[in-house]
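Produce the entire structure from the sequences given, and follow the hints as far as they go.
Reminder that position 37 of the sequence shown reads as 72 in my numbering, one-by-one numbering, no gaps.
Source of the hints: derived by calculation from the structure; they are not laboratory data.
Backbone N, C-alpha and C fix where the C-beta goes; we use that ideal spot for every residue, glycine too.
Among these hints, one or two may not hold up.
[Said to hold, decoys possible] Label-pair restraints from in silico Cβ distances: (1) 210 x 41: 15 to 25 Å; (2) 67 x 130: 22 to 32 Å; (3) 285 x 126: 46 to 56 Å; (4) 247 x 63: 25 to 35 Å; (5) 237 x 81: 17 to 27 Å; (6) 198 x 41: 12 to 22 Å; (7) 172 x 82: 22 to 32 Å; (8) 275 x 41: 41 to 51 Å; (9) 198 x 232: 40 to 50 Å; (10) 173 x 89: 49 to 59 Å; (11) 67 x 285: 31 to 41 Å.
[Claimed, not checked] The calculated DSBU-like cross-link candidates involving lysine-lysine, where the alpha carbons are at most 30 Å apart (straight line), are: (12) 67 x 247; (13) 93 x 81; (14) 247 x 294; (15) 67 x 101; (16) 67 x 82; (17) 58 x 81; (18) 245 x 294.
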Amino acid sequence: MIKEPDTLMLIGFMGAGKTTVGKEIARQHHSKFIDIDSEIERVAGKKISEIFEERGEKGFRELETKVLNDVQTFDGVVATGGGVVERPDNLEILRNSPATIIYLHGNLESTIGRLIIEGQRPLLQEKSAADFFALWQERDPKYEEVANFTVETVGKTPARIAAEIIALFSANEDELALLQLRSQIDAFDRQIFQIISERFQVVEAVARYKEKFGMPTVQHDRMLKLRSELKSDFSTSSDITDDMIDGIMSILMQAAIDKENKQLNRGDL
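Below, the structure written as structure tokens:
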């Protein structure tokens, strides 16, 4: 069984949810929590945005290195800043850290969405979309290098992510790789159902269009054509079989037909 760490450190891109997940881990595990950005603000006596304005990114990173070094033996959960892997000094600290380091890995789409909801960050204001993508690609391998474990976050609630991380430390050595693989599968499953949910939103629009122009709910020719195209697209796959396509498309099509009929019968249009 993996020894439970005295210090658990979360790393990942800005908007990965490090602070939210860190607080949730601390809540579930009845431990303490500290956020490096908040600690930097306490040490400097200024907000992060003010530090960037007055000292630039270089000055901010210098403060970050000092605070990062100081929290290596913090008894609890530490949430780092997204750019903590920018400085070689920080990478060296993380490589030799007594803390257990968890990389919260998401995707660029979910990250940008979270950042928009939370409000702008200094680097988000300064960089174009292309620069932002390049930054993502540059940092990702650095997070991977210094992390002891990677946990997938896409489509998962903070409570679910926290529970997965806590579970790592009640697992046997030979179960760890399986837990991380399951974390990836869980993230994929949640993305699939999120896409299905979004698909139903389009179904509603289709129902309105069909009603407006007096079109039938069921269009057999289109359904048969779509199945044929999917089978052709995945003809070289050993995993996506014709039977699987027929089964999944039958479920999706019937659910869409039921939703359209229910929507039209309600008179909500």
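Checked hints:
no.: 1; hint: 210 x 41: 15 to 25 Å; in the structure: 22 Å, holds
no.: 2; hint: 67 x 130: 22 to 32 Å; in the structure: 24 Å, holds
no.: 3; hint: 285 x 126: 46 to 56 Å; in the structure: 51 Å, holds
no.: 4; hint: 247 x 63: 25 to 35 Å; in the structure: 50 Å, violated
no.: 5; hint: 237 x 81: 17 to 27 Å; in the structure: 47 Å, violated
no.: 6; hint: 198 x 41: 12 to 22 Å; in the structure: 20 Å, holds
no.: 7; hint: 172 x 82: 22 to 32 Å; in the structure: 29 Å, holds
no.: 8; hint: 275 x 41: 41 to 51 Å; in the structure: 46 Å, holds
no.: 9; hint: 198 x 232: 40 to 50 Å; in the structure: 23 Å, violated
no.: 10; hint: 173 x 89: 49 to 59 Å; in the structure: 26 Å, violated
no.: 11; hint: 67 x 285: 31 to 41 Å; in the structure: 52 Å, violated
no.: 12; hint: 67 x 247; in the structure: 58 Å, violated
no.: 13; hint: 93 x 81; in the structure: 16 Å, holds
no.: 14; hint: 247 x 294; in the structure: 17 Å, holds
no.: 15; hint: 67 x 101; in the structure: 20 Å, holds
no.: 16; hint: 67 x 82; in the structure: 22 Å, holds
no.: 17; hint: 58 x 81; in the structure: 23 Å, holds
no.: 18; hint: 245 x 294; in the structure: 13 Å, holds
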